[in-house]
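Required output: the full structure, derived from the provided sequences and hints.
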Amino acid sequence: MLNKTHLLSLIQVNKFSSVKTFCAQEITTPIGTILAIADNDLLYYSSFINESSIQIIRNLLNNYNGKLSLQSNKILELTKHELNSYFDNSLKKFTIPLKLTGTEFQVKCWQELSKIPYGKTISYLDEAMNIGKPTAFRAVANANGKNLFPIIIPCHRVINSNGKIGGYTGGIEKKIFLLNIEKALTI
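Residue 80 in full-length UniProt numbering sits at position 80 of the sequence shown; the count goes up by one each step and never skips.
Calculated pairs, SDA-like style, for lysine to any residue (alpha carbon to alpha carbon, straight line, at most 20 Å):
1) K133 <-> G102
2) K120 <-> I172
3) K108 <-> L42
4) K164 <-> D126
5) K108 <-> A141
6) K80 <-> E182
7) K115 <-> G132
8) K115 <-> E82
9) K164 <-> I181
10) K174 <-> E51
11) K92 <-> P30
12) K108 <-> M129
13) K146 <-> G102
14) K174 <-> F87
15) K92 <-> K120
16) K93 <-> K115
17) K120 <-> F177
18) K99 <-> T169
19) K108 <-> G145
20) K120 <-> G167
21) K164 <-> G145
22) K99 <-> N73
23) K92 <-> E82
24) K93 <-> E82
25) K146 <-> E51
26) K115 <-> I131
27) K115 <-> T95
28) K20 <-> K67
Label pairs and their computed distance ranges (CB to CB):
29) N162 <-> K115: 20 to 26 Å
30) K120 <-> T95: 17 to 23 Å
31) I172 <-> K115: 20 to 26 Å
The hints are simulated quantities; they were obtained by calculation from the structure and are not laboratory data.
Backbone N, C-alpha and C fix where the C-beta goes; we use that ideal spot for every residue, glycine too.
In C-alpha cells, the structure reads:
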C-alpha cells in the first residue's frame, strides 16, 4: 500500500521550478483504496494503490514538471462522488473529464472500453475487432493493462473469449466484485 511517506516523497519530486500542481486524494472503495490525481480541469490518474503506483506517479510528475498537493479540488470531488455512486448502484456511466496519456493504440483501446455498456462484457478479441485490429487481441489486453483509470474506463468488462475472467490491474477478486455489482458475471 502506498503510505503517506511515499506520497510525501512524491510531492518533492519536482520542487525546483515546478510548473504544474496536481491535487491528490485517496478514495476508499469497497474493493480497496484508490489514489486519484487531477488538476483543475482533468483527472490524470485514478487507480488502486500498489507498488507500481509510485513509478507511474513519478512519471506523471516528470512528464508535466509537476508536483503533488495533498488536497482536493472539483475534479477529485466529482471522482469521489461518481465512484461512490457507482458502488451504490446509482451510476452507470462516468462523466469525469479524463487526460488519456498513452500511445495512439492504447488511447484507441481505452476509448473502446468506454463504449462497453454497464452490465455487459466483451472479449479481448471483440475489442480488437471493434478497433479494426482483429489479430491484435494480445496487444489490446496489454493496452487495457496500462489503463490508468480502472473502474472509470471499464477494463473489468473485458473477459477471455472462452468466458474466463482474464486479468485485471487490481486483481481477479476485484474484477469479479465489479462484474457482480453490474450483474455482468455469467460464469
